[in-house]
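> Each chain, written out:
Number of protein chains: 2
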Amino acid sequence: MKNKKLKEFGVYLLENIDPIVERHAGELIKIQPRWFACIRFDECKAIAAYGVSMHLECFTRGDLVPLDNYFNSCAEIKLDRGVGIRDVVEVALIGKQSLIGAATDFFKEQDDFLEFLQELEDYFVQVLTLTTDRYSGMLLSRLNAEHVRNKLLLEASRTVTSALDPDEVLSRLAEVLAGTVGEGCCTIFLVNPETGGLAPCAGFGYGSKECQSALQGLRLCASGNTLSGEDGKSYGFCSSNKASLSFADILPEAVRSGSASLFHITNSDRMVGVALVSSDLPGFTFDDATKELIGGILNTVAVAIESAAAARQTRRQLMES
Amino acid sequence: MKNKKLKEFGVYLLENIDPIVERHAGELIKIQPRWFACIRFDECKAIAAYGVSMHLECFTRGDLVPLDNYFNSCAEIKLDRGVGIRDVVEVALIGKQSLIGAATDFFKEQDDFLEFLQELEDYFVQVLTLTTDRYSGMLLSRLNAEHVRNKLLLEASRTVTSALDPDEVLSRLAEVLAGTVGEGCCTIFLVNPETGGLAPCAGFGYGSKECQSALQGLRLCASGNTLSGEDGKSYGFCSSNKASLSFADILPEAVRSGSASLFHITNSDRMVGVALVSSDLPGFTFDDATKELIGGILNTVAVAIESAAAARQTRRQLMES
Chain A
1 MKNKKLKEFG VYLLENIDPI VERHAGELIK IQPRWFACIR FDECKAIAAY GVSMHLECFT
61 RGDLVPLDNY FNSCAEIKLD RGVGIRDVVE VALIGKQSLI GAATDFFKEQ DDFLEFLQEL
121 EDYFVQVLTL TTDRYSGMLL SRLNAEHVRN KLLLEASRTV TSALDPDEVL SRLAEVLAGT
181 VGEGCCTIFL VNPETGGLAP CAGFGYGSKE CQSALQGLRL CASGNTLSGE DGKSYGFCSS
241 NKASLSFADI LPEAVRSGSA SLFHITNSDR MVGVALVSSD LPGFTFDDAT KELIGGILNT
301 VAVAIESAAA ARQTRRQLME S
Chain B
1 MKNKKLKEFG VYLLENIDPI VERHAGELIK IQPRWFACIR FDECKAIAAY GVSMHLECFT
61 RGDLVPLDNY FNSCAEIKLD RGVGIRDVVE VALIGKQSLI GAATDFFKEQ DDFLEFLQEL
121 EDYFVQVLTL TTDRYSGMLL SRLNAEHVRN KLLLEASRTV TSALDPDEVL SRLAEVLAGT
181 VGEGCCTIFL VNPETGGLAP CAGFGYGSKE CQSALQGLRL CASGNTLSGE DGKSYGFCSS
241 NKASLSFADI LPEAVRSGSA SLFHITNSDR MVGVALVSSD LPGFTFDDAT KELIGGILNT
301 VAVAIESAAA ARQTRRQLME S
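Sequence order for the protein chains is A and B.
Residue numbers for the first sequence, in the working numbering: 1 to 321.
Residue numbers for the second sequence, in the working numbering: 1 to 321.
Take the hints with a grain of salt, since some may be wrong.
[As the list claims (entries may be wrong)] Which chain A residues stay away from chain B? Per the calculated CB distances, all over 12 Å, these:
{"#": "1", "residue": "Asn72"}
{"#": "2", "residue": "Asn144"}
{"#": "3", "residue": "Glu155"}
{"#": "4", "residue": "Ala163"}
{"#": "5", "residue": "Ala222"}
{"#": "6", "residue": "Thr266"}
{"#": "7", "residue": "Asp269"}
{"#": "8", "residue": "Asp287"}
[Said to hold, decoys possible] List of simulated lysine-lysine pairs, DSBU-like, C-alpha gap at most 30 Å:
{"#": "9", "chain 1": "A", "residue 1": "Lys78", "chain 2": "A", "residue 2": "Lys96"}
{"#": "10", "chain 1": "A", "residue 1": "Lys4", "chain 2": "B", "residue 2": "Lys209"}
{"#": "11", "chain 1": "A", "residue 1": "Lys96", "chain 2": "B", "residue 2": "Lys108"}
{"#": "12", "chain 1": "B", "residue 1": "Lys2", "chain 2": "A", "residue 2": "Lys96"}
Keep in mind that the hints were calculated from the coordinates and are not lab data.
As the structure is a computational prediction, the values presented were derived from the model and not from experiment.
All residues carry an ideal CB built from backbone N, CA and C; glycine is no exception.
Extracted from the complex, chain A is given alone in its bound form (with noise of 0.2 Å):
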């Protein structure tokens, strides 16, 4: 970027900074009261210091480094606070107002001046459309969040009243729940009546058969306390096959760091399974909105894994007749 008169004034102002952050401070409170005028006065004057040092920063460097920094540094969380794109554009402008303000004194000269003032503009257009690129994606990757949250929940719900066999709908919807999270796998466990053991008995996600085979040996029991579930409840686990010991190491583990997770699954307030959810992304935790989603889920898999238990019983009276 082109910034001769914006690194001068710059450097400049720099040196002499508390004038301008007076002035700024001023007109935020004045423009934006909503945000501004609820927080103490030097707490408004540091908030203005940050975001005018920012803008000299990226006239003496001649990039716009300063301004990444400073998105990384707080754009969630006024997007989290209700901050609108409005807003941070206005303070964007009312901070360039000030900078125009403080140049007509520096700038004795009005071809000076005149060459500042395109610079400057060229710069707020990098500046204004960057912050607003920004903020939009996160709006977007937001949307977007929600707008798969309601895919899933609309797959699952078409899942359990699909023409599909009882067993190939929990398989459905063990997919549907790896796909929650990024990198999921799913393994849902189902309550054997007569002993109130858990067993595996739908799951999706796992890559090799190694895992797969493990898992499909891998039993828990309400009684234990090796691993905690969401709801607070805990449970221990044994291996009815070889491979499945390795899991002694690595599930205690993940559900302790967060990466993997056991919710209840109830129908009416009795317990007729548990979904073990995980995901191989690097330092996954799983986020209220996401246990949420899952819970939403779980209801539909509560209710496929009592029709499954009816087809089941219709099969042996069948056969029993």
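Position chain B against the provided structure of chain A, taking the given hints into account.
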């Protein structure tokens, strides 16, 4: 808004608009080839002319009414095409630079030019805050709509595994279905396995006692052709009480106008009922997103109907034994 110099400039430029339009169109193609390089140059010039003359009219009038009309004519369309807030802001700022370029030639005195720049700066603060407000408002309302859809789907799935009585579940689901549209009403009709006819079993949103009792008397049958359902199937209807006779005029007209709609409820390809959903909002019609949402909830309704039937049968068997 202050528009002394803006007006002088606007009045002059509206008479000599071609050079600036040509320049602005060229800039649009250069800076946003994604949107402008793929259309014919005269089409691009028409877009540029619309934008520039909108600004000039604001200059001469001294208010933002032309900008408002501009938004109303194209904002939603742009957003649907995938144009981002960033793109819109950038186009506005490119337009500003084209205006500054033309003003350099127009204002012979530097003091006049500086006064013009100040007025232009103030004007663009308003333009950009209004623009970003509008566009982010549209994005946020879409985000909110998706959020509401999620809540309804979660609520429906929660209802069906709740400890409620099966008939209460259907009433709750009628409420959820009514919530998919503004000022919504919903009646769920169940298939009578003996006659094949459809009788109302749960409803929500009908204000008056008269209306409720009239609906209670309504029967649908799959053989008629008075009402067209969402899936192309049509239904006849008859009244089992005097009050419901009034629907003979109202319902077919509501379905024809699109403010009421009949949705098939199926489970594994078997039709188990019909949901009548309607909105009291003037001029309401169902959009695709709402139809998809209702379809998702109806899968849950189908499961609930199945459970209610099973519960009824169990009750009967218990009474017989």
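> With reference to the structure, classify each hint as holding or not holding.
Comparing the hints with the structure gives:
Consistency note on A/Asn72: stated as away from chain B, and its beta-carbon is indeed over 12 Å from all of that chain's, at 18 Å minimum. Chain B draws A/Asn144 into its interface by the beta-carbon criterion, the shortest separation being 9 Å against a cut-off of 12 Å. With a closest Cβ-Cβ approach of about 9 Å to chain B, A/Glu155 is found to fall inside the 12 Å limit, against its non-interface label. With 12 Å as the threshold on Cβ separation, the claim that A/Ala163 sits away from chain B is violated: the shortest Cβ distance comes to roughly 4 Å.
For A/Ala222, the condition that its CB be more than 12 Å from all CB atoms of chain B holds, with the nearest at approximately 19 Å. Non-interface call for A/Thr266 relative to chain B: violated, since the shortest CB-CB distance, roughly 7 Å, does not exceed 12 Å. Listed as a non-interface residue, A/Asp269 fails to keep its Cβ farther than 12 Å from every Cβ of chain B; the least gap is roughly 5 Å. The claim that A/Asp287 lies off the interface holds: its Cβ sits roughly 14 Å from the closest Cβ of chain B, which is beyond the 12 Å cut-off.
Proximity of A/Lys78 to A/Lys96 is assessed by CA-CA distance (about 20 Å); at most 30 Å being required, the pair is judged to hold. The hinted pair formed by A/Lys4 and B/Lys209 fails the criterion: a straight-line CA distance of about 78 Å is larger than 30 Å. Between A/Lys96 and B/Lys108 the alpha-carbon distance is near 26 Å, which keeps this suggested pair within the 30 Å criterion. Taking the CA atoms of B/Lys2 and A/Lys96, the gap is about 18 Å. The hint holds against a cut of 30 Å.
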